[in-house]
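Chemist: Generate the whole structure from the sequences, applying the supplied hints.
First to last, the protein sequences are chains Y and E.
Position 44 of the first sequence, counting from 1, maps to 43 under numbering that gives the first Met the number 0, and the rest follow consecutively.
Position 135 of the second sequence, counting from 1, maps to 134 under numbering that gives the first Met the number 0, and the rest follow consecutively.
Take every hint as true, because none was put in to throw you off.
If you want a taste of the chain E side facing chain Y, the calculated C-beta under 10 Å gives, among others: (1) T49; (2) H56; (3) I105; (4) M108.
Just so you know, these hints were derived from the structure itself, not from any lab.
Glycine included, every Cβ here is placed at the ideal spot set by N, Cα and C.
Residues per chain are reported as follows:
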Amino acid sequence: MTLGPYAAFILGAYGIAALIVTAMVAWVMIDHRRQARALADLEARGVTRRSEQRTGDPRTGEVTP
Amino acid sequence: MPLIDLANPTRFLAFTSRFLPWLAAATVLVLAVGISLVASAPDDYQQGATVKIMFIHVPAAWLAMGCWTLMSIAALGTLVWRHPLADVAARAAAPLGAAFTAMCLITGMLWGRPMWGTYWVWDGRLTSVLVLFLMYLGVLALWRTVDDPSRAARATAVLTLVGAVNLPIIKFSVDWWSTLHQPASVLRLGGPTIHPSLLTPLLIMALGFLLLFITLHLAAMRNEIMRRRVRTMLMLQAEAAGR
Numbered sequence: 000m001t002l003g004p005y006a007a008f009i010l011g012a013y014g015i016a017a018l019i020v021t022a023m024v025a026w027v028m029i030d031h032r033r034q035a036r037a038l039a040d041l042e043a044r045g046v047t048r049r050s051e052q053r054t055g056d057p058r059t060g061e062v063t064p
Numbered sequence: 000m001p002l003i004d005l006a007n008p009t010r011f012l013a014f015t016s017r018f019l020p021w022l023a024a025a026t027v028l029v030l031a032v033g034i035s036l037v038a039s040a041p042d043d044y045q046q047g048a049t050v051k052i053m054f055i056h057v058p059a060a061w062l063a064m065g066c067w068t069l070m071s072i073a074a075l076g077t078l079v080w081r082h083p084l085a086d087v088a089a090r091a092a093a094p095l096g097a098a099f100t101a102m103c104l105i106t107g108m109l110w111g112r113p114m115w116g117t118y119w120v121w122d123g124r125l126t127s128v129l130v131l132f133l134m135y136l137g138v139l140a141l142w143r144t145v146d147d148p149s150r151a152a153r154a155t156a157v158l159t160l161v162g163a164v165n166l167p168i169i170k171f172s173v174d175w176w177s178t179l180h181q182p183a184s185v186l187r188l189g190g191p192t193i194h195p196s197l198l199t200p201l202l203i204m205a206l207g208f209l210l211l212f213i214t215l216h217l218a219a220m221r222n223e224i225m226r227r228r229v230r231t232m233l234m235l236q237a238e239a240a241g242r
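Modeler: Structure below.
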């Protein structure tokens, strides 16, 4: 495959596209890790949502006080 | 699982955990096939090898517009049915739409310089896509500006629906005004005007980009649901501490 006299423009376009895709994937993964850590931290401190307090654990039927 | 069950955030989270790895694998596979087809695609008789930029520029442009269309449908869901997942869907889509619009603009500039002799002209197509990019930044800024999430959801939904007026302007700008940009050559009434040797890799790359968008959007929606749960739990904790 030869890219001719405009190779820099073609490779530049693909490079920018790869950079943007990498940034989007990294953003989603880092954000997921951050939210999961925050949720785990709150649950470890015994904080639960109202819906969970009302219905309890759906697997055991146990109601959280 | 019936489709309606996905309207429940908890079931949606379970669904995304199960299907995201498969979607990610399908995305990588289709993009790998697409890139190998791009590498072996022939040069255009007029544009030479620079036609290879089309295989990323066009799918990015389609997604830039498709993402705003999705946000507009979600905006209706927020304003008419007040469904919480509608705002989650719109909010998760906006940064991705901005990224694909930026990709479309930058790759277009890099294609324009060797073909038109300039990176940029203020014509209808380029300007309306730049306006789309600024609108994405606008809704992202609005979400951050308004503290109350339900007020922010309604305000951004209205802005999104107003911004949807720009979509037909982008699509038909090449027909309405004099422009350096070529007219529609794939999505047109008379069928595609591109030779199959270039059309096939373009459609495979478009499918790969679409799968990439669906994967990232579902993952970003999952993150947004988790962020709202964290916010709710922090408020409950503060409420309990205040008693």
